[in-house]
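Residue numbers (the working numbering), protein chains in the order written: chain C, 1 to 333; chain X, 1 to 171.
Read the hints as simulated data drawn from the structure, not as lab findings. Each residue gets a CB set at the ideal place from its N, CA and C atoms; glycine is no exception. Among the clues, some could well be false.
[As the list claims (entries may be wrong)] Partial selection, computed: residues in chain X whose CB lies under 10 Å from chain C:
id, residue
1, Trp-3
2, Leu-7
3, Thr-22
4, Val-55
5, Ile-154
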Amino acid sequence: MVVYRRGNRRSIIILLVITAITLITLDVRGSGPLTSLRGGARDLFSPVASVVNTIFSPVGDWLSGIRNAGSLNRENDRLRSELEEFQGQDAEEQIAAAENAELRRLLDLPYVEDADAIAARVVSGSPSNFEWTVMIDRGTSSGVLEGMPVVTGLGLVGRVVEADNNRATVLLLRDPLFGADVAIGAEPAIATGIAQGRTGEDTMTIDLVSNSARVEEGDIVFTSGREEESRYPPGIPIGEVESVVRYRGGIQQEIVVRPYVDLDSIEYVKVIRWPTGVTGDVDEEDETDPAEGEGDEGEEEGDPEAPGSTTPTTLPLTTLPVTSTAGTGSDGE
Amino acid sequence: MTWNVRLRLLLLLVTTTVLQITVFPDLRFFGIAPELCLVATIAVAFRAGSEVGAVYGFVAGLAIDIFLQTPLGLSALTFAIVGYGVGFVQTGLSQTPRWAAPMFGGIGGLAGGAFFVVIGSLTGEEQLFAWRSVWVVLVAAIYDAVVALALFPIARWAVPVDELAGRARMP
Numbered sequence: 001m002v003v004y005r006r007g008n009r010r011s012i013i014i015l016l017v018i019t020a021i022t023l024i025t026l027d028v029r030g031s032g033p034l035t036s037l038r039g040g041a042r043d044l045f046s047p048v049a050s051v052v053n054t055i056f057s058p059v060g061d062w063l064s065g066i067r068n069a070g071s072l073n074r075e076n077d078r079l080r081s082e083l084e085e086f087q088g089q090d091a092e093e094q095i096a097a098a099e100n101a102e103l104r105r106l107l108d109l110p111y112v113e114d115a116d117a118i119a120a121r122v123v124s125g126s127p128s129n130f131e132w133t134v135m136i137d138r139g140t141s142s143g144v145l146e147g148m149p150v151v152t153g154l155g156l157v158g159r160v161v162e163a164d165n166n167r168a169t170v171l172l173l174r175d176p177l178f179g180a181d182v183a184i185g186a187e188p189a190i191a192t193g194i195a196q197g198r199t200g201e202d203t204m205t206i207d208l209v210s211n212s213a214r215v216e217e218g219d220i221v222f223t224s225g226r227e228e229e230s231r232y233p234p235g236i237p238i239g240e241v242e243s244v245v246r247y248r249g250g251i252q253q254e255i256v257v258r259p260y261v262d263l264d265s266i267e268y269v270k271v272i273r274w275p276t277g278v279t280g281d282v283d284e285e286d287e288t289d290p291a292e293g294e295g296d297e298g299e300e301e302g303d304p305e306a307p308g309s310t311t312p313t314t315l316p317l318t319t320l321p322v323t324s325t326a327g328t329g330s331d332g333e
Numbered sequence: 001m002t003w004n005v006r007l008r009l010l011l012l013l014v015t016t017t018v019l020q021i022t023v024f025p026d027l028r029f030f031g032i033a034p035e036l037c038l039v040a041t042i043a044v045a046f047r048a049g050s051e052v053g054a055v056y057g058f059v060a061g062l063a064i065d066i067f068l069q070t071p072l073g074l075s076a077l078t079f080a081i082v083g084y085g086v087g088f089v090q091t092g093l094s095q096t097p098r099w100a101a102p103m104f105g106g107i108g109g110l111a112g113g114a115f116f117v118v119i120g121s122l123t124g125e126e127q128l129f130a131w132r133s134v135w136v137v138l139v140a141a142i143y144d145a146v147v148a149l150a151l152f153p154i155a156r157w158a159v160p161v162d163e164l165a166g167r168a169r170m171p
């Protein structure tokens, strides 16, 4: 058995506890050097993590394949039938989208499809059981900045909460710290509210929706971009209303939303260069007009990698109308 | 402690941290991943005692904190306390039971999870204070108990018997 002097042993644990509490206090207060240190350490680690990911990802895929073999077959069948259906709708939607874009230009409204996007691959999930994040293989060197919204072709995934040189961490919709101002229902919006993640659940809740609003199951929920300082551009689909509970005499209703994106199986995402969502120096560069700021941002960063990694024009997102900014009914098709 | 042992512990720390952030997020059961670094801390503390366990736990926790959104130092504090506690209990054992690895892995994982939630809640991470956290801590503890079966022999390799004998001769 190991023998120690008791006093020495006690002083070590006391010293460690004091150091840890000091670090926690500094970090909670947002100490700059600590944040830089954290980012630097992650950058240092990222090449190693990339190599390990490359080696072990086939193993992970294989295990995941075994776990999901049954559901994959069913999903294949479903996707085939959906593909046929969507091919039929495609031409019609392209015409509608073009018309919609033209109307928006005339109204001078910011729209998600005007925004540049940076394509990225999800390299790993969260190492913790208490937070819901993913790490993507693009960072500040590619133009990714803290606060930028992250989407897939189906809709909103989350937002960037930490951006290092070559990697960024995305807070997913399901994290309880995630929140977004949303609109329920297509033009005109039935109601607006704040969507929030639920600890560990696959669904979200929407708060601040009046009990009198006629929200129903199946209504579409998308970002409203209503607030001037909104983190998200308007019109990004989030999901569908799964359940609505109204209490007699209650002030607001309980709304549960099921996101469109399956957050457990995302592989590729796009980070939208949304000016009002970014933080730090970029905010100052972007001035006031979000639509104009998007184009400038990439150029001003002067980053050699940025052009190669940027998807320059439209996102395969949505043709849903923007409801919030103008507040008129004239921006629909 | 010899440099050979320090190097081995460093290798163990780096390996478990890299695996925790790259491989194990994809190896979840019931949506829960094991706390590899915490189990390594428990294994090292069980092998080398409370002093080494606390220091190893602090450094391992700090390493994993870098990749989390929770405050830097939260895991370090949790792991250091668990490492110290496991080492303290271990010194009271007259002989090592055969089921030591899963038992210490499980109970240590349970304590570590509970400390993380409580200390995290106190530091303002209110989302940790939820019923789901109980479920997470319980399932993770079971997972930790299984992972401990692999990590305890590795800790034995990292801190060999002659090193322990050397420590025992210390005043």
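Next on the checklist: Under 10 Å is the threshold here; is the Cβ of Thr-22(X) close enough to any Cβ of chain C for the hint to stand?
Outcome noted: 4 Å, holds
Checklist entry - With a cut-off of 10 Å, does the beta carbon of Leu-7(X) approach a beta carbon of chain C closely enough for the hint to hold? => result Where the cut-off is 10 Å and the nearest Cβ of chain C is about 17 Å from Leu-7(X), the hint is violated.
Checklist entry - Do the numbers back the hint for Val-55(X), that is, is its least Cβ distance to chain C under 10 Å? => result 7 Å, holds
Next on the checklist: Interface hint check: Trp-3(X), Cβ to nearest Cβ on chain C, cutoff 10 Å. Holds or violated?
Outcome noted: 19 Å, violated
Checklist entry - Is the hint on Ile-154(X) kept, meaning its closest Cβ partner in chain C is under 10 Å away? => result Hint violated; Ile-154(X) Cβ to chain C Cβ min 17 Å, cut 10 Å.
This entry does not satisfy hints 1, 2, 5, going by the numbered hints stated previously.
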